[in-house]
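From just these sequences and the hints, can you work out the full model?
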Amino acid sequence: MTTCDDVLAKLLLAGKLDADAAAHVSACPHCTAEQGRVRRVAALLASDHVPAASPALSARVVGAATPLLARQARRAAWRTLARALAAALVPLPLIVFLDFHLVRTAYGVLNTLLPGPLSFYVAFNYVATLAVLFALSYGMIPIVAERQMRLRREECRA
Amino acid sequence: MATDEDLITAVANGDGRALEELCRRYERGLHQFIFRHTGGRDVDDLYQETWLRVVRAARRFDPRRRFSTWLFQIAVNLCRDWHRRPPPEPVDPASVEGNRADVPATVDAALDARRLLAALPEAQRSVVILRYYHDLGEDEVAEIVGCPKGTVKSRLHHAMARLTRLARQ
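So the protein lines, in turn, are chains G and C. For the first sequence, position 118 (counting from the first letter as 1) is numbered 118 according to the working numbering, and the numbering increases by one without interruption. Heads up, the working numbering is the position in the second sequence plus 1000, with the first residue counted as 1.
What the hints contain is simulated information worked out from the structure, not anything from laboratory work. Warning: the hint list may mix true and false statements.
To be verified - Under the rule of at most 25 Å between Cα atoms (straight-line distance), these lysine to any residue pairs were calculated in the SDA-like manner:
1. G/16 x C/1139
2. C/1149 x G/4
3. G/10 x C/1145
4. C/1153 x G/37
5. C/1153 x C/1165
6. G/10 x C/1136
7. C/1153 x G/42
Set out below in structure tokens:
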């Protein structure tokens, strides 16, 4: 690319020249000869008026995209749920391991203080309560994930 | 106000309203780009296909990039494919000439501009439209058309040489 090319490109794109470019044009016979033609091309290009898009076009696009969007929404919901479940399942072995040891120790201690069937009943009740709490916590994950996605969507809209 | 990048993330999660908002923001620019690129043929179909590709690829969008650059990249690729298709059935010239008698001067000038653009090879036309009509910088045009900045400059130069030659005729 020569200076002449740059100057003529500037003339085409901006329609006017800065002081340096104008000085170049007045000193350069090639640019002096070309500038009239470039201005004519610029004027021709500027005369091109594109008709406005039909008002129904965007509605048509959104209509055509609706099945795709529904699929994206389903996939996004599954991804969020899978991520939440994965995050919740990672500490599960450790929690189970700790609880198992806690119950075994508590059962041992209770056995020395209470009769066998009674200490078994207490330990069993504790385990059953823990199991119910676990089930409730993990059952809440899809509900919380869905709520989070809805909030994120609303935030984005706002 | 949500940025374009926020909106495309929402589109990736299936949000129809985010798509409507993006369509509203880019309707004019994108429609004009496609119209000029194809000379007004199949504009609505290409416009719709551009947005459908945007929706399909929304999850792959890199939020560090500008959405507008990505959108025009998709449109340029679609227009490129469109130009590679076999030409449509020839139109009866008599019907065209018959209509030209009552065409106003402004429409005539617009047709001249379109004829000039149509005379350019596809790669040069993209550069001229993006640089001249959309006022984009060389870097952004280079990213959209997928070539180095120097190539954008030389394409513009060659396009200009061709256009001045055509304007002389």
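Tested hints:
1. G/16 x C/1139: Judged against 25 Å, a Cα distance of about 22 Å means the pair holds.
2. C/1149 x G/4: 18 Å, holds
3. G/10 x C/1145: Holds. Residue 10 of chain G to residue 1145 of chain C sits at ~20 Å (cutoff 25 Å).
4. C/1153 x G/37: 19 Å, holds
5. C/1153 x C/1165: 18 Å, holds
6. G/10 x C/1136: Given pair residue 10 of chain G, residue 1136 of chain C holds - Cα atoms ~13 Å apart, limit 25 Å.
7. C/1153 x G/42: With a Cα-Cα distance of about 17 Å, the restraint between residue 1153 of chain C and residue 42 of chain G holds, given a limit of 25 Å.
Violated hints are absent here; each numbered hint is respected by the structure.
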